[in-house]
Structures are given as structure tokens and as C-alpha cells.
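Chemist: We have chain A already, so just place chain B on it with the hints.
Line by line, the protein sequences are chains A and B.
Numbered per this note's numbering, the first sequence spans residues 980 to 1127.
Numbered per this note's numbering, the second sequence spans residues 982 to 1409.
A few of these clues could be false.
Which stretches of chain B does chain A cover? Using the computed rule of at least three CB atoms under 8 Å from a CB of chain A, they are [unchecked claim]: (1) 1007-1019; (2) 1025-1039; (3) 1042-1049; (4) 1133-1142; (5) 1149-1155; (6) 1232-1244.
Here are the simulated DSSO-like pairs of lysine-lysine, each with C-alpha atoms no more than 27 Å apart in a straight line [stated by the list, open to error]: (7) A:K1020 with A:K982; (8) B:K1289 with A:K1013; (9) B:K1287 with A:K1021.
Interface residues of chain B toward chain A, partial, derived using beta-carbon atoms under 10 Å [stated by the list, open to error]: (10) V1058; (11) F1087; (12) M1088; (13) G1169; (14) D1173; (15) M1204; (16) D1288; (17) A1290; (18) L1365; (19) P1371; (20) T1389; (21) S1390.
Since the hints were made in silico from the structure, they are not lab data.
Since we're looking at a predicted model, the values are computed, not measured.
Ideal Cβ positions, reconstructed from N, Cα and C, are used throughout, including at glycine.
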Amino acid sequence: MMKTFKGRVVAAGNVTAKALVSHGGLNTLASFQKAVQFGDKKATCGDQGNTDLYGKQMAGKALCLPRTIGSTTGGLVLYCTASIGRQPACMLFSEPIDSLAAAGAVLIDVWLKDTSMPVVDSLGDEFLNYVKDDMDITVKEDGSIEIR
Amino acid sequence: MNSSMSLSKEQNAILAGEKGETLAKVMETMVRYGELFGATSMVEITSEYNHLVTSFGLKALGAVYDLLNQLIETGAVSKQKFSVDPRPLDKNVPSGFIQNIVFQKFMYTKQDEYEAQLKKLGLLNEDAFTCTCYMKEVGNVPKQGEVLSWSESSAVVYANSVLGARCNRNSGIIDLMGSVVGYVPYFGLLTDEGRRAKWKVEIRTSKKPEAQLLGSAIGMKVMEDVPYIVGLDKWLGTLDEDARTYLKDFGAATASNGAVGLYHVEGITPEAVEYGKALLEKDARTYVIDDAELQRIYDNYPIIWKDKAAKPKLCFMGCPHMSLKQLTDWTEKVTAGLKKSHQSKVVIPTVFTASPGVIKEFEKTEYAEKLKQTGIVLSYICPLMYMNNPLSTSMPVITSSNKLRTYTSARYYTDAEILEHITDGRKR
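Bound conformation, chain A alone (with noise of 0.2 Å):
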């Protein structure tokens, strides 16, 4: 079975990948800076404080969440999270996108070449409640997803 929704595309793309869902606003320096620091080639989220993601590999995956939270560095880490390939396949937000996941998306869209990250936001609450972690996601360039 196959539900779709539709987004607000801030980075456009094409991506396949399976689903890893943060319920909670994800801390972004605490969760990548395992990842930033030590090329964990995973990137294992290291925030103890998110329950969902805590200890699960976060590259390659269609990241769902409501937000993200914490210091105004988190643009910055995402943008070197993707420029040493450790980024999620694709960020999936069910709120309006926040300021620092805003940034990180743009810089990696206008500043890496050969690196894309697609995010789409707006996708609702029901997005979130249904989605759930290795369900397979496909994000088109036009904001839809589609779980399977």
C-alpha cells in the first residue's frame, strides 16, 4: 500500500531511501557531531536526548522530523555534515521549515557542487504520525512523497 503526500519543496531533488522518523525537534550539533568530528561514516546521532534517533545511523536516510532545535551553529553543521557525504538522503519536515535547517539546506544547494540533499517541509502532522522508521520514502522534485 502507497500513501502520498504533498510539501513545500525547499530543496528540489529526486531520492529514494528508507525512513528514519525523530517525533521530537532534532538538536542538530548534538546529533551530526559525532558525524563533523570523528567521520563517523554513519553518523550515529549522539543526542542522549532524542529517544527516537539516539545511537541510529542518520546518512543515507529519508530523515523525518517537526523541526530541528538547538544552537545557531546548526546550519553550518549540516553544511559540512553533506560536504563529507554524511548527510541523510533527503530531510522531511512536517512543520514549516525553522531557520537553521533553512540555512543548512540553502548552503548546501548554492555552495557544494555534486552534493544535493533534497528537503521538502510543510508536510503536516499526519505525515509524521504515519510515517514510520525503514518504511521506504520516495521524494520527487515537485515536494511529493510517497511511503511505502
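Modeler: Leaving out everything else, chain B in the frame of chain A:
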């Protein structure tokens, strides 16, 4: 790129590449960033100085150093001088042999190179490394109504709320790019509408609430919304040095435990004094905070030490950096506490952190020698940067900073509890 914003002739020219490809990409970044929030125009930055969040030369930030080099080589440097967050290392702060190897050989190996880049881009001066740039001893104090391109959540919330400046919660790199082009997108906390309060917070406590606890409670409840706080003026009186220090710590907790960029305190903060309850949106929600609510917040903080009963090995005070008044007050409190418990030095290694400017002023006072006598180390370091070392993470560290608690494994205690811990061996 085509933009939905109404751009000036000069802004369009920059975007079209008439002033170089790099500057065009900087403008594209700022325009696209603004478009995501419905910005209709780019407005001029009017503050004298900028403030940046990224102060650490982490080895892993290679992409950032490459980008900054590109800016420097093409002359796309900041139009304003800027201060920046605290340095990550200070040899005076207690650390072990292996811990130091991790700091110096694996983590902050690019510190010198990064600081050289900052100088080329527009660093204010050698002492401009602090998260509390808005203190008079540092000198980056924006005026009411000025438009900023700052980052550092605790500085942004202070500038907006206590000084009445206008700034969004910008990310690292975006902060610098704003001052490279000289414009920021007009949305959110830059607008009158974006500064209206969606929450009315009523303080009904029986005593002056702990700043860091109150900020935490409000941050977790309102997240990114603007709160209008009533009943706190009863405890703060007027916007004097004590109140500013209180609001510094309170604001940092709202920004780190939630994502607050602006708060209004009735009768205290400038816009609340000027407009009062007219700042409240019609459908504003209400959050009542009493003693029980603060206790509930405190009791629910997770303790993520492996051994929850471990004896603390280090205490950090000053995230954000302490004010001159805080340093003198704490020197007196610690001195009295040690005398009461018949101790000559603090019983837990303790570090107070403050900006280089505040430390210089403090060292001119009689309190500097008194603090030294207690055994407390006074440093300009960023406690967060220290705690990011995996070997620091496994240490039982205590703090009264709710920001440090949120981002690291440090355990939170109230100011009174911290004082007991560091001065009275029986409490260990």
C-alpha cells in the same frame, strides 16, 4: 536566479553577478533563505558590529574554511567588524593528559588558521571572543531598533529582548553572509508582526524564580514563539545591572531549551514598557508558572551520567559568560560559603567563565585576589567546546547553566545547590 522579492537596483546587480560570482552566490544564499520565510525585501543592516557563532577551529569544518577562503580571496569580506563566540581552549582550565591530546590533535587543530581567517574577514579585536558581546566591557551593544545579522542564540535573544534590536535566529555562515552583502531578508523578528506575543506567561511563584529554571520552562513550552511575561517585574524591579544579568541567563535558557528569539517582560524590557499588553496577539495562549511547575521542570531533567551518584569532578559557571556583577557577587558568596564550612579552597575544581573584557575589568578589582584565594579558575573558555570532547562527556560535571545541561552531559543544579557543592565537602 529569479527572486519573488522586491530587490533594489544594487541588490539585483549583485545577484546578477555584476560584482563578482562569489558575491552573487552570497546574495543568492541570503535571498533564498529569506524567500523560505516569505520575506518581501532585503533590508540594510544598521548595527555598528556583527556577532558570529563559530569560534572553534574544528578539524572537521573543512568545507567552512574553504568557503571562507573563497570569500577572502575574492574580497567578499564583512562590511562590519564583528565579535565571535568564545575560544574553545584555555590551558588554565583543568584537563587530563589524554583529554588534551584529543583537544589539540583531533578536535581544534585548525584554531590558529581559523582565527587568521576571522582577522581577514573583519574580527573586531583579539579580545572579541565571547558569547556576551553585548556587555559594555566588550562594546558590541546594539541600539533599540537596529537591524542585526547576528547568530548565537543567547546573544540574539538578549539583543532582541533586552536591547530592543531586531535580529532573526540566524545560523552560522548566514550571520557572516549578511554582513558581507550588507543586507538581511526582512521577515520574522525584524517585523512588528513577528515581535507580537503568542503566549502570555503568568509568574505566580512565592519567591524570585531561578532564572535558568524559568527560562527552561518557558522555552520548552513556547518553543519558537514570543512570550509576554507578567509578574516577573515584581521580582526584578527595574532594568538595572542585576536584572540584565538575570535576563541574560533566563534568555539563554529559553533559547536553548526551546528556540525563543525574543521575549517581552512586562514593565521591564523596552518594547513591553512602551506597548504593554498591546504586544499580545488576540488569541494568545496562557501558561501559568508557580513553584510546583518549576519543581516539575527541575525533577524531569534526565541525568545522563553513567554513575548517577558519582562525585562531581568539575563545576562550570558562566554559560553564557558571567557579567562583572556576577563575578563579584559569586566571589563574595563562595568566600562566605567556604568560611561557613571551614574550608580554605573549593572542594570541587571550579571554573568561572567570562569575556576577556569583563575579566580585565574584574582583575582591576579587589575581588580578583579573593576569587583566586578560593581556588576557582577564571577563564574566557567556552564550556560547551570543552564538554564536546568525548573524554569530557564521560566526566561528572555540574553547572547552573541550563544551556550547558541541554547540549552536554553536565548536570544542572540551582545556584544555591552549586554553592553548597563547591564550598561544602559534606555535600559531595
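Chemist: State for each hint whether it applies.
Modeler: Hints versus structure:
no.	hint	in the structure
1	1007-1019	holds (count 6)
2	1025-1039	holds (count 3)
3	1042-1049	holds (count 5)
4	1133-1142	holds (count 3)
5	1149-1155	holds (count 7)
6	1232-1244	holds (count 3)
7	A:K1020 with A:K982	violated, 31 Å
8	B:K1289 with A:K1013	holds, 24 Å
9	B:K1287 with A:K1021	holds, 24 Å
10	V1058	violated, 17 Å
11	F1087	holds, 8 Å
12	M1088	holds, 6 Å
13	G1169	holds, 7 Å
14	D1173	violated, 18 Å
15	M1204	holds, 8 Å
16	D1288	violated, 15 Å
17	A1290	violated, 19 Å
18	L1365	holds, 8 Å
19	P1371	holds, 8 Å
20	T1389	holds, 9 Å
21	S1390	holds, 8 Å
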